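Residues per chain are reported as follows:
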Amino acid sequence: MKNSPILEVRELSKRFGGVHALEKVSLDLHPGEVLALAGDNGAGKSTLIKTISGVHKPDEGTISYDGNQVTFDNPQQARDHGIETIYQDLALADNLDAGANVFLGREVMKRVLGLALVDRKRMRNEAADTLKVLDIRIDRLDLPLRSMSGGQRQAVAIGRAIHWKAKVLIMDEPTAALGVPEQRKVKALTRSLKQSGVGVIFISHNLVDIFEVCDRIVVLRRGIVAGERLISNTNPDEIVRLMVGG
Amino acid sequence: MPESIRRFSTVVDTLTATEVESGRANWLTWLAAARAWLFLAILFAVFEMWARFAYHTTFLFNPFNVQSIAVFAVAPLLLALGQTLVIISGGIDLSVGFTMGFAAVVFAHCLNLTAGFLGPVGSFVFGVLVALLASVIPGLINGLLIAKLKVPPFIGTLGMYGVARGIAFLLAGGTTVPVSNNILAILGNGSIFGFPIIVLVTIIIVAVMHFVLSQSRYGQHVYAVGGNRQASLRAGINVARNTIVLYILSAICAAIGGILYTARFSAGAAQAGEPLLLDSIAAVVIGGASLFGGSGTVVGTIIGALIIAVIQYGLVFVNVEPFWQFVAVGVVIVISVLVDQSQRRVGGGKVDEE
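Protein sequences, first through last, are from chains A and B. Start counting the first sequence at 1; every next residue gets the next number (this note's numbering). Start counting the second sequence at 1; every next residue gets the next number (this note's numbering).
Think of the hints as simulated: they come from the structure by calculation, not from any bench. Among the clues, some could well be false.
As the list claims (entries may be wrong) - Here are the simulated SDA-like pairs of lysine to any residue, each with C-alpha atoms no more than 20 angstroms apart in a straight line: (1) Lys110(A) x Gly219(B); (2) Lys121(A) x Tyr218(B); (3) Lys57(A) x Gly236(B); (4) Lys194(A) x Phe211(A); (5) Lys110(A) x Gln215(B); (6) Lys132(A) x Leu115(A); (7) Lys110(A) x Val208(B); (8) Lys110(A) x Pro120(B).
Computed from a predicted model, the values in this text were never measured in an experiment.
Turn these sequences into a full structure, and let the hints guide you.
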């Protein structure tokens, strides 16, 4: 990678009581790169992404975004900078339509007779435009999300991140719990995000998915970086060895 | 997480089912959406026929009957308005009935205490303001308990049910507080072009609440919090503030109910809202809201409240033992929820695995 990193994590440590969840973890993420974060359960993946996305505060170490050192007091601040996280459970309101979900907490208002009204039509249209960029077709945008498939819902979650011009997108197990065709769709989406210059952190247990969409992989084991490889220079066996410490 | 996996696979499964049974799903969805209107129409039809065959008169086309039903519906509807928003957000407010009684007693005392030196208009305005402000106290406490101290809404507002009940009876000295005020008499029993003033006041409050819920950002957030609280938090919605405002709104609606009660009966009573708590929840549920949160509308609640009022008034009209109204309202609630459940089962909502 020639371009400078969009995200630099340096010597990050996080402890919960006596448990060292993260110990001097460093990683870089470049624009247009898909970085896999792998590791067994309890290796520290969740703690790491929660620290990057502003849920936890690090005990030691720094995070730099676009060359400037940053500290986030809450997820909203991280999001305001352009770090969006797609959680495993998607964080969507199933009873609302795609437009309302893309604009959740940031609703577009219109003024009618001096009153501020929620502009559902505009939110729907803008959401449709964003989803079109991602090459996702949803027939009925006025329906609540609960009537959509898992892949469509995942697409709305990704669409929300993209609509707000995320430069760093953290995807936590994006293909888990999806059917095979929908997994394929999500992987295609990840590649198109990469082409538009977004840096993606892709957390997965599934090595097949990782080898399919990622450029580089960082393996965590018991809170430390067990290894970092270019996907083109490694193989699943080596990654498994790094994960379990063989 | 296994929970999210289960939710996903359920959604996928129900969607496949939907494709197969799309015909059935369509008319069930339609039936569920229109069920409150259908109930209301059926009730009117039944009472109309009953009136024609048994008494050779009309039920629906008698303005007096329509007016009486509207007056009947006022108090439960006002309680149900705040309750609608609370239930959509995934909560419940059990304290509305006694908040209404508490406000009614406070209002009556204010009128009596200030009648001598503020005059009828002055003491009326003062009384309304004090009653509304007083109702903010139980609403705020409910909101703080639920939003900040994480007390389950059922328990927090059940506690307030007891506290408001006790305070209201203590303030009233265990009896009703009669009042005499010209303005109040006009509000309670006057009408404009045949429309009772208390009904007109209620229509205004209903319009305001409908606007807040369906058009404002606040209302949108109420739906979001009820749909997925965690998602709302992550999206930066101030869920705690939203919740506190909800319970205050609910208490204010109840207080307006208490003021109108005092106006209608020229007396404030601690037990003014006692029988209305279940009616208010029933109106919301019959109107299409789910007790799990995330769905419901003010229009639905209006229909729900009208259904209950028509049952209550209609049974008296046709001279049936009044106790049958409890049976009828209970049956309507259960049927209403059953229709909703079966619609969810084929329509791709959250359902249990079987």
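Tested hints:
The suggested pairing of Lys110(A) with Gly219(B) holds, with an alpha-carbon distance near 15 angstroms, which does not exceed 20 angstroms. The suggested pairing of Lys121(A) with Tyr218(B) holds, with an alpha-carbon distance near 18 angstroms, which does not exceed 20 angstroms. For a cut-off of 20 angstroms, the pair hint linking Lys57(A) to Gly236(B) stands: about 18 angstroms separates their Cα positions. A threshold of 20 angstroms between alpha carbons decides the hint, and for Lys194(A) with Phe211(A) the separation of about 15 angstroms falls inside it, so the pair holds.
With a CA separation close to 10 angstroms, the supplied pair Lys110(A) and Gln215(B) stays within the 20 angstroms bound. Restraint check: the Cα-Cα separation between Lys132(A) and Leu115(A) comes to about 32 angstroms, which exceeds 20 angstroms; the hinted pair is violated. Proximity of Lys110(A) to Val208(B) is assessed by CA-CA distance (about 18 angstroms); at most 20 angstroms being required, the pair is judged to hold. With a CA separation close to 43 angstroms, the supplied pair Lys110(A) and Pro120(B) exceeds the 20 angstroms bound.
Hints 6, 8, counting from the list given before, are not met by this structure.
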